[in-house]
Amino acid sequence: MRNQFFSKGKKLSVGDPMTDALWDSCLSQKFQILSAYQWTPISVIERTWKYLSLDRVTSLVDLGSGVGKFCIHLSLLSNHSIDILGLEDREELVDVSESLKKHWDVSKVQFRKENFLKQFPEGHSHYYCFNPLYETMKGSHSIDLQKQKSANQFLKDLQTLKQNLLLLKPKTKLITFHGFGGNSLTGFRIVLKEEIAGGEYLIWERE
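Under our numbering, the first residue of the sequence shown carries the number 964, and numbering increases by one thereafter.
These are computed hints drawn from the structure, not numbers from a lab.
The beta carbon of each residue, even a glycine, is placed where N, CA and C say it ideally should be.
Some clues are possibly wrong.
Unchecked claim - Calculated lysine-lysine pairs in the DSBU-like style (CA-CA distance at most 35 Å, straight line):
hint, residue 1, residue 2
1, 1112, 1156
2, 993, 1071
3, 1134, 1119
4, 1119, 1071
5, 1132, 1076
6, 1156, 1076
7, 1064, 1134
8, 1112, 1064
9, 1112, 1134
10, 1013, 1071
11, 1076, 1125
12, 1119, 1076
13, 1064, 993
14, 1134, 1156
15, 1132, 1112
16, 1156, 1119
17, 1132, 1119
18, 1064, 1076
19, 1071, 1132
20, 1134, 1065
21, 1112, 1065
22, 1081, 1134
23, 1125, 1065
24, 1065, 993
25, 993, 1119
26, 1132, 993
27, 1076, 1065
28, 993, 1013
29, 1132, 1065
30, 1134, 1076
31, 993, 1156
32, 1134, 1071
33, 1132, 1081
34, 1064, 1081
Claimed, not checked - Taking CB as the label site, the calculated pair distances span:
hint, residue 1, residue 2, range
35, 1129, 1042, 19 to 29 Å
36, 1122, 980, 34 to 44 Å
37, 1129, 985, 31 to 41 Å
38, 1145, 1068, 29 to 39 Å
39, 1153, 1132, 16 to 26 Å
40, 982, 1086, 19 to 29 Å
Produce the complete structure using the sequences and hints provided.
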């Protein structure tokens, strides 16, 4: 049975450019209205592949993968050449991601219902996050009200994330869009900094 949060959408024809509107048309209205705030823009995914295609990438993890947009479209751009893992702790979003994975016919993408703060996946060459701690901030455009929102919770989660990132091996890359929750990252150096789609795009390397 098709997931209740998933819309059939439209498949691409050969040569058609991908757009956010086209990709998001596969989502229900509930998730389409969050797209500009919660799901990675196509231009950011394309920039990521441009970088990764020239880098030594073996596997990539999306920390807080949402509806799976980043993981799925990156796999399509890479012609399914990268092992990609999306971690998301909301079951309904994992269900949506699995439905979209079938829709776009991507085989080298896996989604798991996990909280990356509690079960951090070590050993990958690259990591990606789109401000994954936003849901604990007292801001607008939240996905839902499941997360506790407070300054104390945010700072606690930020410290946990930073400690987890310090476990990464030297030369591991962390790619962030709209940040990871903080402004500085001990043990990492910035190798690329750009403005894309109205947000700050950074690539960090573990020293």
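Here is what the structure says about each hint:
Under the criterion of a C-alpha separation no larger than 35 Å, the hint pairing residue 1112 with residue 1156 is consistent with the structure, at around 29 Å. Of the pairs offered as hints, the one joining residue 993 and residue 1071 holds, with about 27 Å between alpha carbons and a cut-off of 35 Å not exceeded. For the given pair, residue 1134 sits about 26 Å from residue 1119 by alpha-carbon distance, which is consistent with the 35 Å threshold. Restraint check: the Cα-Cα separation between residue 1119 and residue 1071 comes to about 33 Å, which is no more than 35 Å; the hinted pair holds.
Straight-line distance between C-alpha atoms of residue 1132 and residue 1076 comes to about 24 Å, which keeps the hinted pair within the 35 Å bound. Between residue 1156 and residue 1076, the direct Cα distance comes to roughly 31 Å. Compliance with the 35 Å bound is thereby established for this hinted pair. Restraint check: the Cα-Cα separation between residue 1064 and residue 1134 comes to about 30 Å, which is no more than 35 Å; the hinted pair holds. With a C-alpha separation of about 31 Å, the suggested pairing of residue 1112 with residue 1064 holds against the 35 Å cut-off.
Taking the CA atoms of residue 1112 and residue 1134, the gap is near 34 Å; set against the 35 Å cutoff, the hint holds. Distance restraint check for residue 1013 and residue 1071: the Cα-Cα separation of roughly 19 Å lies within the 35 Å cut-off, and the hinted pair is therefore satisfied. At most 35 Å may separate the alpha-carbon atoms for a hinted pair to count; residue 1076 and residue 1125 meet this at roughly 21 Å. Pair hint residue 1119 plus residue 1076 holds up; C-alpha atoms about 21 Å apart against a cutoff of 35 Å.
The suggested pairing of residue 1064 with residue 993 holds, with an alpha-carbon distance near 19 Å, which does not exceed 35 Å. Between residue 1134 and residue 1156 the alpha-carbon distance is near 17 Å, which keeps this suggested pair within the 35 Å criterion. Annotation: proposed proximity of residue 1132 to residue 1112 holds, straight-line Cα distance about 32 Å (limit 35 Å). Between residue 1156 and residue 1119 the CA atoms are separated by roughly 26 Å; this keeps the pair inside 35 Å, and the hint holds.
For the suggested pair residue 1132 and residue 1119, the alpha carbons sit about 23 Å apart, so the restraint of at most 35 Å is met. Between residue 1064 and residue 1076 the CA atoms are separated by roughly 15 Å; this keeps the pair inside 35 Å, and the hint holds. For the hint linking residue 1071 to residue 1132, the alpha-carbon distance of about 23 Å falls within 35 Å, and the restraint holds. Among the hinted pairs, residue 1134 with residue 1065 is consistent with the structure: their alpha-carbon atoms are about 33 Å apart, no more than 35 Å.
Taking the CA atoms of residue 1112 and residue 1065, the gap is near 34 Å; set against the 35 Å cutoff, the hint holds. In summary, the hint linking residue 1081 to residue 1134 is supported, as the alpha carbons are separated by about 23 Å, within the 35 Å threshold. The suggested pairing of residue 1125 with residue 1065 holds, with an alpha-carbon distance near 34 Å, which does not exceed 35 Å. With a CA separation close to 20 Å, the supplied pair residue 1065 and residue 993 stays within the 35 Å bound.
Distance check on the hinted pair: residue 993 and residue 1119 sit about 30 Å apart at the alpha-carbon level, within 35 Å; holds. Only pairs whose Cα atoms come within 35 Å are accepted, and residue 1132 paired with residue 993 is rejected, the gap being roughly 39 Å. Taking the CA atoms of residue 1076 and residue 1065, the gap is about 17 Å. The hint holds against a cut of 35 Å. At roughly 31 Å between alpha-carbon atoms, residue 993 and residue 1013 fall within 35 Å of each other, so this suggested pair holds.
The suggested pairing of residue 1132 with residue 1065 holds, with an alpha-carbon distance near 33 Å, which does not exceed 35 Å. The straight-line distance between the Cα atoms of residue 1134 and residue 1076 is roughly 27 Å, inside the 35 Å bound, and the hint therefore holds. For a cut-off of 35 Å, the pair hint linking residue 993 to residue 1156 stands: about 32 Å separates their Cα positions. For the given pair, residue 1134 sits about 23 Å from residue 1071 by alpha-carbon distance, which is consistent with the 35 Å threshold.
For a cut-off of 35 Å, the pair hint linking residue 1132 to residue 1081 stands: about 19 Å separates their Cα positions. Under the criterion of a C-alpha separation no larger than 35 Å, the hint pairing residue 1064 with residue 1081 is consistent with the structure, at around 25 Å. For the hinted restraint 19 to 29 Å between residue 1129 and residue 1042, the CB-CB distance of approximately 33 Å leaves it violated. Between residue 1122 and residue 980 the CB atoms are about 41 Å apart, so this pair conforms to the stated range of 34 to 44 Å.
One distance hint, 31 to 41 Å for the beta-carbon pair residue 1129 and residue 985, holds here, with the actual separation near 39 Å. For residue 1145 and residue 1068, the Cβ-Cβ distance of about 37 Å falls inside the hinted range of 29 to 39 Å, so the restraint holds. The hinted range of 16 to 26 Å is satisfied by residue 1153 and residue 1132, whose Cβ atoms lie roughly 18 Å apart. Under the hint 19 to 29 Å, the C-beta atoms of residue 982 and residue 1086, about 35 Å apart, miss the expected range.
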